[in-house]
Amino acid sequence: MNQHGTSDLSNIELRHVHFWDLDIRQRQDDDGNIYVYQNEPLGPTQSRITDKLIEWAKATPDAMFLADRREGLDGWRSLTYGQFLTSVEHISQSLLDQNLSVDRPVLILSGNDIEHALLALACIHVGIPYAPISQAYSLISKDHSKLKDIVKLLNPGLIFAADGKIFDKAIEAVATENVQIFVTANPANASQKLFAELQETTISSDVAKAHEVVEPDTIAKFLFTSGTTGSPKAVINTNGMICANQA
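For the sequence shown, position 71 (counting from the first letter as 1) is numbered 71 according to the working numbering, and the numbering increases by one without interruption.
If you're looking for bench data, these hints aren't it; they were derived computationally from the structure.
Even glycine gets a Cβ: it sits at the ideal position worked out from N, Cα and C.
Please note: incorrect hints may appear among the correct ones.
What the hints assert, rightly or not - Cβ-Cβ distance ranges computed for the label pairs, FRET-style:
1. 193 with 111: 14 to 24 Å
2. 193 with 21: 46 to 56 Å
3. 68 with 22: 32 to 42 Å
4. 111 with 228: 13 to 23 Å
5. 148 with 191: 16 to 26 Å
6. 83 with 47: 18 to 28 Å
7. 193 with 71: 13 to 23 Å
8. 29 with 204: 44 to 54 Å
9. 20 with 189: 50 to 60 Å
10. 193 with 77: 12 to 22 Å
Unchecked claim - Calculated cross-link-like contacts (lysine to any residue; reagent style SDA-like; alpha-carbon spacing at most 20 Å):
11. 52 with 247
12. 148 with 177
13. 193 with 166
14. 233 with 134
15. 152 with 136
16. 165 with 195
17. 52 with 66
18. 52 with 244
19. 233 with 174
20. 165 with 175
Kindly produce the complete structure, drawing on both the sequences and the hints.
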């Protein structure tokens, strides 16, 4: 710190970072909407989200990829790139075996954790869309009206939540006999299966075949709006869109 109370950055080695070149055009329609376009084309990107996972699982299989701390447990849980990809492929096989698809996607009710990430990327890996849902729709809402609207719109084939007992009321409010329920822990009843079962499915060549046909326009997830002006609206996110944002 110098005499003025600010940090002296003169001796810090800096690296060059290329920022976006601002070259835009815009237009306004009759309704007053303003559209802004970038003239410079996007650079090359991956066409499939999990291609990078595969790349780093081969290059650095023992490097840590993801870690979290689960409430009530001491210490960190972690998975390496290699471990994570292997689990993703096992789960992907289970999802394919359950005939999940864009017409029967996966609904995730709970927040961010390792299981959430595994399930999400397993879906994306084989072209099955998933929808992460605000926990408030399950845990705060009394009538689960917004969650019911979402389920009616998506017709999910599988619903996942981290804790079966905590999310049981929400699950019971929307699940039908044709929907598979998986939880990480504390299943509330016999219809709720443990997430670990998804990771035990034997991997077949179907996983690689399904991954090969994933393309930039393949839907990765449905991201829902807040629903402040009515029912939440589903916004389609494709592999190409997400890859471009990450590039």
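Outcome of the hint check:
1. A beta carbon spacing of about 20 Å between residue 193 and residue 111 agrees with the range 14 to 24 Å that was offered as a hint.
2. Judged by the Cβ atoms, the range 46 to 56 Å given for residue 193 and residue 21 holds: they are separated by roughly 51 Å.
3. The beta-carbon spacing between residue 68 and residue 22, approximately 38 Å, falls within the hinted interval of 32 to 42 Å.
4. Separation of residue 111 from residue 228 is about 20 Å and conforms to the stated range, judged on CB atoms against 13 to 23 Å.
5. A hinted range of 16 to 26 Å for the beta carbons of residue 148 and residue 191 is consistent with their spacing of about 18 Å.
6. For residue 83 paired with residue 47, a C-beta distance near 25 Å keeps the hint of 18 to 28 Å intact.
7. At roughly 22 Å, the beta carbons of residue 193 and residue 71 sit within the given window of 13 to 23 Å.
8. Between residue 29 and residue 204 the beta carbons are some 50 Å apart, a value that agrees with the proposed interval 44 to 54 Å.
9. Take residue 20 and residue 189: their Cβ atoms lie about 52 Å apart, and the range 50 to 60 Å holds.
10. With their beta carbons about 21 Å apart, residue 193 and residue 77 fall inside the hinted range of 12 to 22 Å.
11. The suggested pairing of residue 52 with residue 247 holds, with an alpha-carbon distance near 11 Å, which does not exceed 20 Å.
12. Distance restraint check for residue 148 and residue 177: the Cα-Cα separation of roughly 15 Å lies within the 20 Å cut-off, and the hinted pair is therefore satisfied.
13. About 15 Å separates the Cα atoms of residue 193 and residue 166, which keeps this hinted pair within 20 Å; it holds.
14. About 13 Å separates the Cα atoms of residue 233 and residue 134, which keeps this hinted pair within 20 Å; it holds.
15. For the suggested pair residue 152 and residue 136, the alpha carbons sit about 18 Å apart, so the restraint of at most 20 Å is met.
16. Of the pairs offered as hints, the one joining residue 165 and residue 195 holds, with about 14 Å between alpha carbons and a cut-off of 20 Å not exceeded.
17. For the suggested pair residue 52 and residue 66, the alpha carbons sit about 14 Å apart, so the restraint of at most 20 Å is met.
18. With a C-alpha separation of about 13 Å, the suggested pair residue 52 and residue 244 falls inside the 20 Å cut-off, and the hint holds.
19. Taken as a hint, the residue 233 and residue 174 pair is honoured in the structure, with Cα atoms around 18 Å apart against an allowance of 20 Å.
20. The straight-line distance between the Cα atoms of residue 165 and residue 175 is roughly 15 Å, inside the 20 Å bound, and the hint therefore holds.
In this structure, every one of the numbered hints holds.
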